[in-house]
Amino acid sequence: MTATAKKLGDVMLRVENISLSFGGVKALTDISFDIREHEILAIIGPNGAGKSSMLNCINGFYHPQQGSITFRGQTRSRMKPHEAASQGIARTFQNIALFKGMSTLDNIMSGRMLKMHSGIIASAFYKGPAEREQIAHRAFCEKIIDFLEIEAIRKIPVGRLPYGLQKRVELGRALAAEPTLLLLDEPMAGMNLEEKQDMCRFILDVNDEFGTTICLIEHDMGVVMDISDRVVVLDYGRKIGDGPPDEVKHNQEVIDAYLGVQH
Amino acid sequence: MAFFLEVLIGGLMAGVMYSLVALGFVLIFKASGVFNFAQGAMVLFAALFFVGFIELGLSVWLALPLTVLVMVALAWAVERLVLRHLVNQEGIILFMATIGVSYFLDGFGQSIWGSNVRQLDIGLPTDPIFLMDGDILIQAFDLWAALVAGSLLVALVLFQRTSVGRALRAVADDHQAAQSVGIPLNTIWIIVWSIAGLVALVAGVMWGSKLGVQPAIVSLALKALPVLILGGFTSIPGAIIGGLIIGAGEKLAEIYIGPFFGGGIENWFAYVLALGFLLIRPQGLFGERIIERV
Amino acid sequence: MMMKKLGLALAAGAALLGAHVAASAQEQLIPSMVYRTGPYAPSGIPTADGFHDYIAMLNARDGGLNGVKLKVEECETQYNTERGVECYGRLKAQGGTIFSPYSTGITYALIDRAGPDKSVIFSMAYGRASAMVGQYFPWVFNAPVTYWSGASAAIQFFAKEAGGKDKLKGKKIAHVFIDIPYGKEPNPVLQNYADELGFKLELVPVPAPGLEQKSIWLQVRQMRPDYVFLTGWGAMNAVSLKEAAAVGFPREKILGGWYTSQDSDTVGAGPAAKGFRGLTFHAASRDLPLLKTIKQHVTDKGMASQNGKHMGEIGYLRGVLNAVFTTEALRTAQAKYGNKVMDGEQSRWGFENLDLTAAKLKQLGLEGFIQPIKLSCDNHQGEGKVLVVQWEGDKWKHVSDWITPENQKLMPLYLAGAESYAREKNITAQNCAKS
Amino acid sequence: MLYRESGQFKTSYPADQAIFTIKQDRWFFALLMLAAFVGIPLVATDYLYTALIIPFLCMALAALGLNILTGYCGQVSLGTGAFMGVGAVAAWNLAFRVPELNLLVVLVLAGLVAAAVGVIFGLPSLRIKGFYLAVATLAAQFFLPWLFTKVGWFTNHNSSGVITVPRMTLFGWEINTPMEKYLFALGVVTILALAAKNLVRSNPGRRWMAIRDMDIAAEIIGIRPIVAKLSAFAVSSFFIGIAGALYLFVYLGSAEPDGFNINLSFQALFMIIIGGLGSILGSFLGAFFILLVPIFLTRVPPLIGLDMSTAAIAHTEVMVFGALIVFFLIVEPHGLARLWQIAKEKLRIWPFPY
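Protein chains in written order, with the numbering used here: chain A, 2 to 264; chain B, 150 to 443; chain C, 92 to 526; chain D, 113 to 466.
Derived by calculation from the structure, the hints in this document are not laboratory data.
Ideal placement from N, C-alpha and C gives every residue a C-beta, glycine not left out.
Accuracy of the hints is not assured; some may be wrong.
[What the hints assert, rightly or not] Covered by chain C, according to a simulated footprint, are these stretches of chain B (three or more residues, beta-carbon under 8 Å):
#	region
1	152 to 161
2	349 to 362
3	413 to 420
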């Protein structure tokens, strides 16, 4: 299996003693873990464990009250999502956050927003630099489109696409940014077996071919155990497990959490 | 000093009238999440019918219930012809739809009753009252207006306590939930719009007997918008207090700041006031804060 | 379904490209730009009716003008400039030659087009005051008075009240005006008088449409002016009177301009209007012989606009007067060019040579309604005179003799205004010596 | 059979990204331009120019501007009239105070001024959304005309505050007759419309639409809301400003600042609702439709022997507008532009049902 065959790089992103709460409600309590270069890290846990909140902290949508996040050596306190994006962190969402009014192609192109620089004036004239830029990036996006096998729906507004395809397009948009760290929030939620297999394949390929580091949230244990190099387990906003799949699988606390033993 | 008080009081009184119009907005927004731009047109509409009926020789006590019926019918029509077909649209679409409704009512009312100024006298005194041996002047009419607005407010608050009122709030919180517990959304909407219609009628009668019933009244609705921003779209006390602040604020501004700009700043001051406020507190005085999630 | 709608619209477009309903050869088209709806409708409706009814009377009684049938073509402007321009275009295309926009804003917009289009703009007692200088505004007529001569008349009236011009010294006069071009027109003249006679002029603008006047009148009350000159319009007027009453400001001290003192205003204000006085440039007489004629030939025959609902009101009389000027100008032109449909040039000649003598007025059934007036190539205003009337709660009462505005004193202002316009447009004055 | 794309293969990205990818569309556009620049001048009367065609061009441009802001970036504005006013007043002052300035330069500068003002009044959009913003833009709508009426300088201290445009020349070309004015306006509008099309199909457009469709997601893929929103306000106001300048220069000829009032704003809003939110073509269709209705109502009843009073017509017109808005929002939220598309789809498979 690819995952085990691959050697892990050093720490890319370090989460240290993160605590987050809305009003009185504690969403995350004193969480720490690492994400290493080239690995696939899975965050699992029962509903409301704080998984999504964790991702939201990493890409700057939420601002934890305590703790620090260090990405590639630089520690940040409060940062805006678009800053995270410009650092090379891309993500997809639990409930799809595509631009419904735009075509598949435009959605993916919009993923390269940060890499395109032609301004209002140039774009207004279009001919010349703006067009050249468009073409160049279009070429790259077409690669992604081929890779995700969605050539057929290029020009269709994503609003009209079935759920599974939308998930794919969203992945495509994230990839278009050529991220160094890719956050996937339940990429296979609500998919049938076949779709899931496709999605797994894409994720692994991305990880292999582009060497992208991936941190994903997933409920399907089977999938998680298959594709991830490491697993972090959250429960009630606390970290209760961290390690290779097999190890975590036998962690008593984790089992309790999933079987719902009283705390 | 006396003059300042005089202006302040005058402003507060004017504010009461704004609140009356703003109330209608809030009621509908609370219950159906619709920003009803047509409220102003409804004010004119109600006033036109009321005064029209009276001109036809009916007594006030006959004209009043008749106009109420008209407003209920209007509410029904709006639900039937407009809202029902736009249920799951985003708010802004509904907002634009109500702009359409507003235009329609404007034209409809005038094509029935014409565009002449109509004098509406419901026997409220208009002569000035002097306090502090003539230093401060209060307009008797405004006192009455305040009184009416006050009692209307009380009535609304009481209404909130009734079962229907609770139903309304249920809808406000969550449409699906409300429906799932078996509250027919459409009925609720008709009720709300009827109530808004009544508020419009009251506002219309007050404004009408103050300015004479005429098309220009519609433009007063615009004055209620800054009130809403200030008070928050969902809060009845907000509408009242917002109205008072705007009323007093703009009158004082007109008199104490206006002269430096050559006067006539009333038209926009309310907006700028509300806007400045908005930047500090986007959800308004009493509006709920929104937490966004992904 | 939707496609149908779209189709319909396009069809309409096509229809417009094609048809032009022009007035037939023996029919003189009389454009009538009105506003029967919108915030200014209350002031617009009676005038529109009066205009319509007088022309209808001519058609009914004399079969038109020397055998030329008259066709009134109304167009709704809503007192709104762009609509006015559209109306002008449409009426022009249908063959209109004399246009009365009934809006200072629209008048300004049309002044430039008048020349090239050969259209007479007859702005009766409104519009651009300096347009009375015929050399620079050959196509614009603003008889019998302008806002400037109105302001002059107002000051003279105040002076008379005070007991002589010298008595105005140290007095305080407030000009409460609606903050649109029309409202601002009198200001320069009032300022001149203030400097000359040494009274204090307070300018109090009211933002249009003028429904919010509480603070205005609190201010006025605070100023304690000796007189208030009120230049309001439409919805504003009634509100002014009501608010004045509400702050206990005596209505007797308020003098309205002529577009501020119509029945719609005072009726709208109810008891608050009692004692309010206003200027007119014609008598407020409900028993004119002419009105009887109109009643006999039009109203009683059910041909009147809105069944003569507003007959005899000041606004109505104004509409009639506007129609009289228009038709008499045409009649004058016909005397020179023969009894047929007059074109723009000829209509213009008619206005320039219009001479309403006492005899003529009597014959028209307008004796005592206005003073005799004569226009000329260089003077497009004429020496119109002004009356002051007072509202008694149900009707208007004359409270002054005819006041003659000090036009000679205003002449420099008129010329200055006209010349600056001419410079902006690099227009050369037409020579009035010849022709 | 005529309208077919089969057999037309795009072999390069440029070809695929062109405005008109299908041959027939290119022809159609060429014909349209031919008609506009040559055909109309041959047939149109002065009345049609002043009453329909010229105002159509001006308002279409304004609607286009508003559509960029509302249709593409999702920020509702009720301040269109005021921004037109800014453009008009700016243009007039430039032309009046610097007579030697080229007319086109005047327009562009006026547009830039409007853009700057637009950005200022767009700032609240960073804090507030939806109706709150709509109401906030009303502040502009009431404040700006007041400013122009109050500060005498804007109208060169004209006692009545009316501004009248000086005679226009472009490279020695005297623009006097309605036809000349029309051609001038047409040129300007055509260029700007193409520019707008380019904008919405490239980077800025995507940025705006992303904000419109889902602002949070947009921010997370690296779009800075402040840049997106303010650029939308700027571009939109630029277009609207030039529209206002044309409105004064080639349409009205003279105006009082108060004329650029809220009715104008609503008119523009109606145009894009009926024409189609988020569609360049829609802005034009909508403008045409809205301007046609009143003329239609005043002209057609007489033609079919129906005698309506002036007042009745005016009232009916208002009602019709209201009804149309509701009707379109319910039946076809994407407006006439969508209908046009459907028509094309139908044509594509015509005469066969499938």
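Here is what the structure says about each hint:
1. Residues of the region 152 to 161 of chain B with a Cβ under 8 Å from some Cβ of chain C number 5, which satisfies the need for three, so the listed coverage holds.
2. Coverage of the region 349 to 362 of chain B by chain C holds. Counting CB-CB distances below 8 Å, 3 residues qualify, and the rule asks for three or more.
3. Residue count for the region 413 to 420 of chain B with a Cβ under 8 Å from a Cβ of chain C: 3. That meets the three needed, and the coverage hint holds.
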